[in-house]
Amino acid sequence: MNGWLSLRVLFVSIIFLLSFLNVCYTSVYVFYPVQAVFYPQSPPVVFSGLNDFFVCIDVMRSRRSSLVFSDFESLSGGWGRLGGSWAIASGYKGNGLLGVDDDGGPGSSSVYYWDSSISSYEWLSASVKVRRYSGTTMWMGVSLLQQPTTSSRLYEISVYVTGNTGYLDIWYYNGRSWTRLYRSTTSFPAPTDRWFILYINYSRSAATSTNYISAVVYSVDGSVLASGSVSVSGGRYFIPSRVGVDVDGGQAVFDDFVVSVSDSRYVYVEGAPQGFTLSLYDDLGNKVAEATSSGSTTNLNVLSDAVVGRGWGGVFRIYDASGNLCLAKNFVDSIVGSDTYALVVHRIITTFYDEDTRAEIQILFSTYQLKLPKTVVLSAVSVDDTTPYYAGIILYPEHSLIQPDLELVIEVSNSTSSDSLLISGASPPAGPVETSLIKIDSSTSLKVSIEASKESTNNSSRLYLELVYCVDPQLKSVCVYYPVTLEV
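Take the sequence shown: its position 18, counting from 1, is numbered 18 in our numbering, and each next residue is one higher.
Bear in mind the hints are in silico, worked out from the structure with no lab data behind them. Please note that a few of the clues may not be correct.
DSBU-like cross-link-like pairs, simulated, lysine-lysine; straight-line CA separation at most 30 Å [claimed, not checked]:
#1 447 / 374
#2 329 / 374
#3 329 / 287
#4 371 / 329
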């Protein structure tokens, strides 16, 4: 009986287990190997542009150091004469001043002088171009007068010609007689058709009552023919009040007369980047001077033409380090030795990262002007030959540092369309602002231009931007964003 009961229990248990298996399914898993290969694809839109370039804006005269200058194209007011006859004649370029000695000035010389006082200047330079017109034994050069009278004491710095031979002379006249202070030991040919350049430095020491005079005679090609210097003290010391040209014993023609508180052999240009070439042309189209900048002040040697051309201006041509013309500017005002000019040139540095999908732009302003005209700083180009894209710029002011003095225009454009963002540091936008989307394809790029100004170089703004491009201009497709930072 007990055995039968046990058999029944076993049977019921088997039936229960079979019933449970009706709702529990047995699954068999089979694994097949799958290999996935990823092929990197270049982005369909990338940045392009120059990594480092300059924008030449202007060249302007910042300082005039000359006290007086004349190309002697005509006789003008403000001049006086002590003896001689003075008239306009043919000069080195254009006209010049012909002086004919009549023994009517100080020490029987003849002087044509600038009738303004120079007595307050303790350092001066003077330069003049001169040639003998007639006379076998004569002096022609520059006089420093104590007073504008025929009995005045003076220093004469001159080219002394005897026959066809020339020397550098320095003389002192005491109101009654002449004393030669210096004559060069070297001589040079001095025919009547040869022009000379006489360059003089005058300085004085009030503490020791001493005048210092140095002079150089150049040929018009810049070669030194003679030079010398003297120091004058004691009874021969005086403070000059007038300066002019003089002739003694013959006739001479003068041109390119400059008196300055700086070196009149050079025109100075500040602000030119290293490697830039600066060329100066006269009003007749002749190249007067050229120099390559070392990054500091560039000296243009105008010794041969200290009053450039005929005194009617000239042209500056500025070339970058690659030899490309960066700026050409015509001046109608006289360009004179010892003038200083400022070159306004901004530098833009653009660096691309991450396969040309991220850009950093830095605008470095010239110290002479804090304004950048509209300039293309980068482009977005499509490398996809089949799909057009639509791109624009977004500014995120909450992630940017915008200085109050910044005025900025960011423009996106292609050949037919454009849109802009106007950002004022005085009232910057509260939230993101963006341009409309502009079409780009394989034949049309998107140009990003910047126009900027600010009031001080002491602060910089840093703007966080993004370039967005989409397949659909209504933003109904996937869009891609490229970061752009702008420091200005």
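Structure-based check of each hint:
1. 447 / 374: 11 Å, holds
2. 329 / 374: 19 Å, holds
3. 329 / 287: 14 Å, holds
4. 371 / 329: 18 Å, holds
No hint from the list above goes unmet by this structure.
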